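Asks: Sequence:
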Amino acid sequence: MQPQPQPQAVVAPKPTFIHQAARASWMLPIVAAIASNLVRPRSALFADLIMLALIVTGFVLGLMALFGVSRVGRKGVLVPAIIGVILNFGLISLFVKNFMATYRASHG
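Reminder that position 48 of the sequence shown reads as 48 in the numbering used here, one-by-one numbering, no gaps.
In short, the hints are calculated from the structure, not lab data.
The structure displayed is predicted, hence computed values, not measured ones.
Glycine included, each C-beta is placed from N, C-alpha and C at the ideal position.
Careful, some of the hints might be misleading.
What the hints assert, rightly or not - Restraint ranges, calculated between C-beta atoms of paired labels, are given here:
id, residue 1, residue 2, range
1, R74, A9, 24 to 34 Å
2, A105, L78, 37 to 47 Å
3, A12, V79, 10 to 20 Å
4, Q8, L38, 43 to 53 Å
5, V10, F99, 25 to 35 Å
6, F46, I92, 30 to 40 Å
7, L38, V96, 51 to 61 Å
8, G90, A35, 11 to 21 Å
9, Q6, I92, 49 to 59 Å
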């Protein structure tokens, strides 16, 4: 009787920077909202700056991931990166719109 071969463990490939950037691009707005709500009672301006920095970072990471699709392939990159870019762009647009309205109201 021959010994049974031992099953080999399947090791998932380590995600590349492009995969991590795609994932971070849609997660950073969530982190920004949580961080902003935690900081806002102490300083509204600081909370807004944290939120803006995280959202812009998410947008840049999403763009980097989209430009990296040709190098690593679509799987696990394309959909999260597109969601992240659209989400972050929408939040940046709202931030700019609210900033401009506030500026106009305070400067006549």
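Asks: Could you run down the list of hints and mark each one as holding or not?
Replies: A quick look at each hint next to the structure:
Distance hint check for R74 and A9: the Cβ-Cβ separation is about 27 Å, which falls inside the suggested range of 24 to 34 Å. A hinted range of 37 to 47 Å holds for the C-beta pair A105 and L78, which are about 41 Å apart. Remark: the range hint 10 to 20 Å for A12 to V79 is upheld by a beta-carbon distance near 18 Å. The hinted window of 43 to 53 Å between Q8 and L38 holds, with their beta carbons roughly 45 Å apart.
Judged by the Cβ atoms, the range 25 to 35 Å given for V10 and F99 is violated: they are separated by roughly 50 Å. The hint said 30 to 40 Å for the Cβ distance between F46 and I92, and at roughly 19 Å that hint is violated. Between L38 and V96 the C-beta distance comes to about 24 Å, which lies outside the given range of 51 to 61 Å. The beta-carbon spacing between G90 and A35, approximately 19 Å, falls within the hinted interval of 11 to 21 Å.
For the pair Q6 and I92, the beta carbons lie near 53 Å from each other, so the given range of 49 to 59 Å is met.
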